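What follows is each chain in one-letter form.
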Amino acid sequence: MTSIKTPSTEHPTPPDSPPAAALHSGTNDLRALVLNNLRQSGIYVALVVIVALFAVLTDGVLLSPGNITNIVLQYSYILVLAIGMVILIIGGHIDLSVGSVVALTGAVSAVLVIQQGHPWWIGVVAALVVGVAVGAWHGFWVAYAGIPAFIVTLAGMLLFRGLTLRVLDNISLSPFPSEYQQVAAGFLNGLLGGQGFDAFTLLIGAIAVAGYAVSGFRTRVARIRYQQPVESFPLFVARVVLVGAVLMYFAWQLAHARGLPIVLIILAVLVLVYGLLTRRTVFGRQVYAIGGNLSAAALSGVKVRTVNFWMFVNMGFLAAVAGVIYSSRSNGAQPAAGNMFELDAIAAAFIGGAAVTGGVGTVVGAMVGGLIMAVMSNGMQLMGIDQSTQSVVKGLVLLVAVAFDVYNKRRAGTAR
Amino acid sequence: MDDTILEMRRITKTFPGVTALEDVTLAVRRGEIHAICGENGAGKSTLMKVLSGVYPSGSYDGEILFDGKPMQFRGIRDSEANGIVIIHQELALVPYLSIAENIFLGNERRGRSGLIDWNFANAEAAKLLASVGLHENPVTPVIQLGVGKQQLVEIAKALSKKVRLLILDEPTAALNDIDSAHLLDLLRALKEQGITCIMISHKLNEITAIADSTTVIRDGRAVETLDMRSDEVTQQRIIRGMVGRDLDSFYPDRESSPGDEVLRIEDWTVRHPVQDRMVVEGVGLSVRAGEVVGIAGLMGAGRTELAMSVFGRSYGRDIRGRLFVHGREVQARTVAEAIDNGIAYVTEDRKRYGLNLIDDVRRNVSAAALDRLSRLGWVNGNEEIKVAETSRKEMNIRTPSVMAVVGKLSGGNQQKVVLSKWLFTDPDVLILDEPTRGIDVGAKYEIYTIINRLVAAGKAVIVISSELPELLGMCDRIYTLAAGRITGEMPVAEATQESLMELMTKDKELVG
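So the protein lines, in turn, are chains A and B. For reference, each letter of the first sequence is one residue, going 3 to 418 in this note's numbering. For reference, each letter of the second sequence is one residue, going 1260 to 1771 in this note's numbering.
Next up, chain A with everything else stripped away, as it sits in the complex (with noise of 0.2 Å):
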């Protein structure tokens, strides 16, 4: 028997009464709202805390929108592999062939615009149809053939790996024209004039909040109204209230700065479409039925091999989505581009709250997951601590975030 108190359906408002009335009833018990999402708060409060510890430590410096900026063009493409990888993680796959997959992805680009001279454009789409075409043969081998992900994508970072090599003949190319280093290094900004700060960027954080809001509001409304149990109102008020200011906060530095980063757009966009990929489509349920139950999801007529294929493709998408940018970032095309990618990405997924077997997961998690390695590497460089203690604090950093997820999942029993 679970010990967690779940709010109680058993008196609902009835169906017919207007869901304005119910909008201020819910559960009050803040104790047990907090039990119930630890996992998934629990990284959050890491977060903060962690964002709090080396604010002081750097004297204020990690805040500054100069800084704020630079973690967000230095770890983007980290982010942006930690989508596609916790998808594949849900599914009860891995992929650790993603760094050599950027290497290659920024390298066929890189002799397509560098050396062949052809337009920026030509080389993103160059990049991704690659991309694509390296998940369709992971997922070829991992669907159809049946060989486990963990060894079919061993080869495929050797073999990618070895591919780059060949492609750039084992020699960096730079620099990219300067439409092409706009992806990762570009900014919005300016566009609304300038008045000492980028009012612009302003907008689009009081939009992304108003939306925020309006889709929590409705979301409500509509559980509510199915008679399922929600927060308080109060506590709905302090939650929007809470994430708002965070966001405006964050938008406030940035036009601060330099602006939007166009990055931050891709990014940005991409989280919203997975994360709704995940959640809401036939196809997210379905990476969730196969990661939890891999037998009883094929005997509930789930086409197992179509869906993991699929997974990979979309791996090997996003693989070359970061390509583009790491390549764009770097300004060329380096042998040894994309080197351990892949293991900042699993950690990612795993300090998020993505379980080692499967089934479980999210992309915010991942996405707070990977920010988490991202202060955590940029304060310990603004402090100038050296990089063999980083590396020994990034590690311990991954092995207590997974061990308290175990732990939380023995106690805890409701889903994620």
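Rather than coming from a laboratory, the hints here were simulated on the basis of the structure. All values reported here derive from a predicted model rather than from experimental measurement. Treat the hints with caution; some may be incorrect.
What the hints assert, rightly or not - Simulated crosslink set (DSSO-like; lysine-lysine; CA at most 30 Å straight-line):
| no. | chain 1 | residue 1 | chain 2 | residue 2 |
| --- | --- | --- | --- | --- |
| 1 | B | Lys1408 | B | Lys1645 |
| 2 | B | Lys1667 | A | Lys305 |
| 3 | B | Lys1420 | B | Lys1386 |
| 4 | B | Lys1421 | B | Lys1408 |
| 5 | B | Lys1450 | B | Lys1328 |
| 6 | B | Lys1386 | B | Lys1450 |
| 7 | B | Lys1645 | A | Lys305 |
| 8 | B | Lys1610 | A | Lys305 |
| 9 | B | Lys1450 | B | Lys1408 |
Stated by the list, open to error - Partial pick of chain A residues on the chain B-facing surface, computed with a CB cut under 8 Å:
| no. | residue |
| --- | --- |
| 10 | Pro121 |
| 11 | Gln230 |
| 12 | Arg282 |
| 13 | Val284 |
| 14 | Arg287 |
| 15 | Ala300 |
| 16 | Lys305 |
Virtual Cβ for every residue (Gly too), placed ideally from N, Cα, C.
Mind docking chain B on chain A? Use the hints.
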């Protein structure tokens, strides 16, 4: 000889928010077979975990007296050192290790060099196997044995630990009738040797056949201990203790009025997925709307294999034969096609094949028919909740909320979730494979009621069951299956347990 070997006094065990055991007192006489029965979740297994030290001393209130001496077990090793051995329902054998390696696992026989003396161990294992009546080479990997034989290996393992009090949790749940009978004989033989035995069981006929006393546990309390030797204790009497009321009749009544044929298979043949042998051969059967058809067969007869091969070719290879739904021949090459053709299959192993245990009730209910809740690939989460809520009410699934994780529910409620999932696909024919395995008497009755409701609504139902009384109580017509072939078909009015069993064992000699 009323000499008490074990006394558990006023045991109270609480988990956060739940009292699992309250003031339970249990006395077991030396050398008896003591049955413990009760509904799922009544606290039987918890009591045995307290006894065997899985819940260490101090985590519960009350005291345990073994041989008159108070005991404080800190773990399984402590209880085993005193000769108390528990055999769990899910057998704890390592599949790729040999019988002997399993028997001495964690208790290895070392020679003078400190290394394991396998010759000695194998010889010892052979002796132990002989004493439980298992004629197998001790070096055989356990995976090559059937469940019945694995159970015997577990008992041999217990004997190797010089067991004085053997605890068996649902020992016959996964066994067929012949293996069950073997096991019960063995328990009687162990009793002759002075080994006391506590047996948890749902099978009341076994309890009445073998037990000397029966303790009934209900809602964490020991309701009563029945002396099976002196009293006239019937199954009905035990059921009354378990549920606190008499079930008017164990199988609910139903008006039978079969309509048109819904499903028919002809000349159905299935080959084993890896071995070169036929698992199902030339089977033909049919079921009509508003009819419950039973399939009786011993384990290994090909019942599940038949059902799964029909259900989207989920089992076997080289499947041949014709499948008709509503008189029209259809192809159901995948599970999705089978579902589209109105076929639903409720598995015998809900934990492995039926449910995503780490997900909630809501998503499990919708899992097989998400397309009914979605447009252009987008799931309507609110409608999904509504569907789950409807199932919860109609099926009486006891869960705090449809957002609760399925793995935390009791077996009976999990089974209702699986049933809900398949009913939501709106099937015309339901194949129910052991629909009441491992669930308590009250939940069984509810499942039977649900089946009757479906049949009244014009669904066709095929029930596969190892419990002949269940088939006789539920079905209109029964097929018998032996070694992959249909050996008989009869209306339930003409069937008896004896006549069915005769047909179920008919082909055995022929096939060898």
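Okay, the hints, checked on the actual structure:
no.: 1; hint: B/Lys1408 to B/Lys1645; in the structure: 47 Å, violated
no.: 2; hint: B/Lys1667 to A/Lys305; in the structure: 27 Å, holds
no.: 3; hint: B/Lys1420 to B/Lys1386; in the structure: 14 Å, holds
no.: 4; hint: B/Lys1421 to B/Lys1408; in the structure: 20 Å, holds
no.: 5; hint: B/Lys1450 to B/Lys1328; in the structure: 22 Å, holds
no.: 6; hint: B/Lys1386 to B/Lys1450; in the structure: 18 Å, holds
no.: 7; hint: B/Lys1645 to A/Lys305; in the structure: 26 Å, holds
no.: 8; hint: B/Lys1610 to A/Lys305; in the structure: 20 Å, holds
no.: 9; hint: B/Lys1450 to B/Lys1408; in the structure: 20 Å, holds
no.: 10; hint: Pro121; in the structure: 34 Å, violated
no.: 11; hint: Gln230; in the structure: 6 Å, holds
no.: 12; hint: Arg282; in the structure: 6 Å, holds
no.: 13; hint: Val284; in the structure: 5 Å, holds
no.: 14; hint: Arg287; in the structure: 6 Å, holds
no.: 15; hint: Ala300; in the structure: 7 Å, holds
no.: 16; hint: Lys305; in the structure: 7 Å, holds
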